[in-house]
Amino acid sequence: MQSLVLYIGFGLVTASILCIGAIGFTLQFGISNLFNLAFGATMTLAAFIAYVCNAAGLSIWVALVLGTVAASLLSYLLNRGLFVPFKGRSSNLFAMIMVTLGVGLVIQYSIEGIWGATNFSYNMTQGSSEHFAGMVFTNTQLVVIGIAVAEAVVVHSLLRYTKLGKAMRAVAVNDRLARNCGIPVRRVVDATWLLSGALSGLAGVVLVMDVQVLNSNSGSDFLILIVAAAVVGGIGSPYGAMLGSLVIGIVGEISAGFVNAEFKDIAAFVILVAVLLLRPTGIISSVASAKEVAR
Amino acid sequence: MHGIRGAIDRSAVVDDGAARRPRLLGTSSGRRRRVRTVGRLVLSCVSVAGLALVGVVAGATESLAAGASGSKAPLTVAMDVAFTGPTAIDGIAEAAGCYPAIRIINANGGILGHPVKCLAVDTRGDPSDAIPAVEKMLATTSGLIGVLGPESGTATATVPLVSKAHIPQISQNGLSLFDHNTNPYFWRNYPADDVGGVALAYWAHHMHLDRGALFFDNSVAAQGSVPALLRTYKKLGGKVVLHLSVAPDGTSYGAEIHQLIQAKPQVIFTESDPQTDATAFSNLLELGKPLPIYGTNATVIPAWLKAVTKAIGPANMAKYYRGVEPYAPAYPGTKAFNKALLASKSEVTTVKTWIGQEYATTPFDAVMDFALAATEAHSTDPATINKYIMAVTAPGKGKKVVYSYQAGVKALKAGKKIQYIGASGPQIFNKWHNAFGEYGVYKYVNGKLVLAGTISAAELAKAES
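These protein sequences, in sequence, are chains Y and H. When the first sequence is numbered by the numbering used here, its final residue is 295 and no position is left out of the sequence of numbers. When the second sequence is numbered by the numbering used here, its final residue is 465 and no position is left out of the sequence of numbers.
A portion of the hints provided could be inaccurate.
Claimed, not checked - Covered stretches of chain H (chain Y as the covering partner; in silico rule of three or more C-beta atoms under 8 Å from a C-beta of chain Y): (1) 87–100; (2) 250–261; (3) 270–281; (4) 307–313.
Said to hold, decoys possible - Partial pick of chain Y residues on the chain H-facing surface, computed with a CB cut under 8 Å: (5) Tyr7; (6) Phe10; (7) Thr14; (8) Ile17; (9) Ser121; (10) Gln126; (11) Gln212; (12) Glu253.
Hints are computed from structural coordinates only; laboratory data are not their basis. The model shown is predicted, which means the values in this text are computed figures rather than measured ones. Beta carbons are placed, not taken as given, at the ideal position from N, Cα and C, and that holds for glycine.
Work the whole structure out from these sequences, hints included.
Rendered as structure tokens:
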């Protein structure tokens, strides 16, 4: 039992990073119907921007903000400059996925070309270990969890209590109807990409803060888990992304502890397949059902 | 070709209803023979003239090219490793060997007067990328005399391709499946991974650390050390209390490290990429239990050392970490290598970190092997060069020992046989084209590797037997 609680604690850290990224990823899908495989590369770029700022003497927390802002702007520009024009040519879903994959590779290799194929680290320490209810966290991990919780609360509040949030939900379900109701769809989409881009940047920087090593593959390696969390939870649903992240993060650690260390990532995908078999639209299916995904 | 057929009066075609044959003007057999003879003569002259013309054009083209460069056509040594992707460090290491070597060779007249260049063939560490890259290299690279690499992850895919083209390759990969290699074109001048496993086990036993746990990632390269490590450690009386094989680049290894701590080992053996081990040992510190960490030669690289130092702190690193690596004291050739390496900073990133490093000196010596073998063979044909690699590296009675390319060429021109001992030391290839020597045990103190001990080849052989 003691070990189980300990593993849940480790899983919460992974789930927190996943949650930040998965919400961003799922917002992009929800609003634009786009499976953005460049998301991981955006995370990496934000982490590198933060690294440059941190190496120049700025505090890691300031660097975090700057990396987040950079990712937000990049995501907005990518959507406006590339994805929207492609969609305007009636490109199908598969073609759009290929476009995002290509963009992601361009960003990743550009990062490698600029900074080289080596590893970097932030100027920061993990801090001391804290014991809490049978779990162990470093100070940095507690901050990461705090950021994830705060981000979830902010997203929830935005979606529930603000006009923009309601407009986002309406556009996610049916953009034509939303337009006909007078919602400025284009502006809502822009705002969503700015927000989701910020989340990708935030996820990229906190990921590196946790694993302490940054290279050109950092975000891309993590993307597959983000996608799994988003899909398990119900693609297009931020609440689903939160739930999916918890499931993937915690089950992964438990399986590594009690079954086999090699099964950590395998467990995530076993869950993904099982959920999709039983409930093709994911655990929370509101947006996916409305978009008729997985039918 | 009408003239060759002779004069044919087509108006004289006779229609006999059975066959239509043109009637030659004049019908005597002698005239026909003369026509055929003249025809053959004309055909021969035209063919010879045509061949001569092709030869002249080709020669002119070559001389134009030669004239443009002012020297013979350049020769190429290809580096068949990853230059991008997770194992891109392999490419940097090969470049740290190749570019200093060609710098020295070209400064001493090239190979038989030919300048030499290095060619990066990026495999990305993945067989699916390596195969087309190597095929393109073989199809499009002129003057290819030898190949450095490949690395462990792509070796099984690309070694057959290069060997089929009869091009020698000298690799620094550690796969144990090459321990009894029978491919005549494949050479390895760096010890196999499993020899590193033997060295780790030996040193742990030497330090009386007889309860060990393994923390290795599940890549092909990392797993190469495991069988020999397990076998030797148990043979020497050690007990393996836990054997973990993990997926690399996870965000947390807390559960795995907790299991490890529960097993109460005295030492952790490891080989993983920098991110994986940094994360894992950060978790180890988080759970409050630093332990001796013994790493294979894959950990004795700047990226790994820096990442793990960042994770556990310099004091813990100096106290608990030991890494094993093939050991070569500075040889006369090492100075020349270091000098040429520092001069190659435009081609090699983080150049200073490769000074004296085996990962760089072994590809350096491999290029020298190609160059000296070509010189002795008086040939730039790669298949011929391959036959002389052993000749220029093996010891022998009456052979002149040389420590530099310049000295080697001088001795060969004087008609002597040579044994080249390079920056990485003697390369004594056995019958399976493998060469390895003694091992050094290193600690990492204040950002520098410091030798903590050595394990002789005899000790390794005894531990392994």
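If you check each hint against the structure, which ones fail? none
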